[in-house]
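Colleague: Sequence:
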Amino acid sequence: MMERNIKLDYFKILLSLLVVSSHMQPLFPSHKMAGWLVSNGIARIAVPIFFIINGYFICSRLDKPKKLLSYVKHLLIIYVTWSIIYSPYWFSLGDLKSTIRNLIFGYFHLWYLPALFVGILFLFALKKIVKKDNLILLIALLSFIVGYFFSKEHHEYLYLYRSGITLAFPFIALGYYIKAKDIENSISDKILLSCIIIGAISLVMEAYYQYVFYRDIYIYQDFLLSPFLICPALFAYVIKHPMMSSGKSFIGSLSSGIYFIHPLVIYTLQIPYEYTIYKYVLVVIIAALLSYIVYLLDKRVKIFF
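Here my numbering is used: position 173 in the sequence shown is 175, and no number is missing along the way.
Honestly, the hints are just simulated from the structure, not real lab data. Check the hints yourself; a few may be wrong.
With a Cα cut of at most 30 Å, we get these calculated DSBU-like pairs of lysine-lysine [what the hints assert, rightly or not]: (1) Lys-242 to Lys-183; (2) Lys-250 to Lys-301; (3) Lys-133 to Lys-66.
Input sequences plus hints: build the corresponding full structure.
Modeller: What follows is the structure in structure tokens.
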């Protein structure tokens, strides 16, 4: 029976909880800055690390087109499934432009899947053209920087800069690079921890800067520079110190369940916009319970995770 890194599974659950916090702002209405630093600071490492994880584990498939195609097809099935589930919230014949945009780029949190799809295919194509991994990493960095500055100038075009090329691909490429170069075993714990600490300080400072100068312009800030340092270092550290367990269990799917289900819980409960940490806990608990039901269904039909 194949072993899996259970520590990584728990780490992914933590990341999914951070995603929920970013979608339930403000967490602390009476302490707005603290809530901002969590939801628009610390929580912003979650999605980039998810992309890094995808890139890390897709590395072995990039030279095997059939396996890569099978993986991409499965992503498409998952996307179609959840898009149908959430269709009452985004599908409207009366607003065809918005409907088409949501279908192509993904509704709300589902944007992750089209971005992942495009990011993986872009990396695959780039590997065919560019033979040097260091050059691929440089292109990834440049793509990320372009996305960052575009987000500052054109924040209203969220679906353009939070995309497969400017956000997903750079972190997928980082994950691929970590695996291809065995970075987690090539760099000492001291260096990794130093990068994590420096990255964490930078992340909080960057989030604070956004709070002071931009909180009245937009509530969400998806594009920060600091994750490009802290996220690969944090992931590499977790991978370097695994805790192995045999077989696949519900824990391995819980992070995906919470990620995909939590907006449905928020909508169904009709939780008012003034979120609090107590409502956050309620949403997480219900999403986790529903995740188990979906996990049991997925064992039969393989269309949810």
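Colleague: None of the hints should be skipped; say for each whether it holds.
Modeller: So, going through the hints one by one against the coordinates:
| no. | hint | in the structure |
| --- | --- | --- |
| 1 | Lys-242 to Lys-183 | 13 Å, holds |
| 2 | Lys-250 to Lys-301 | 11 Å, holds |
| 3 | Lys-133 to Lys-66 | 16 Å, holds |
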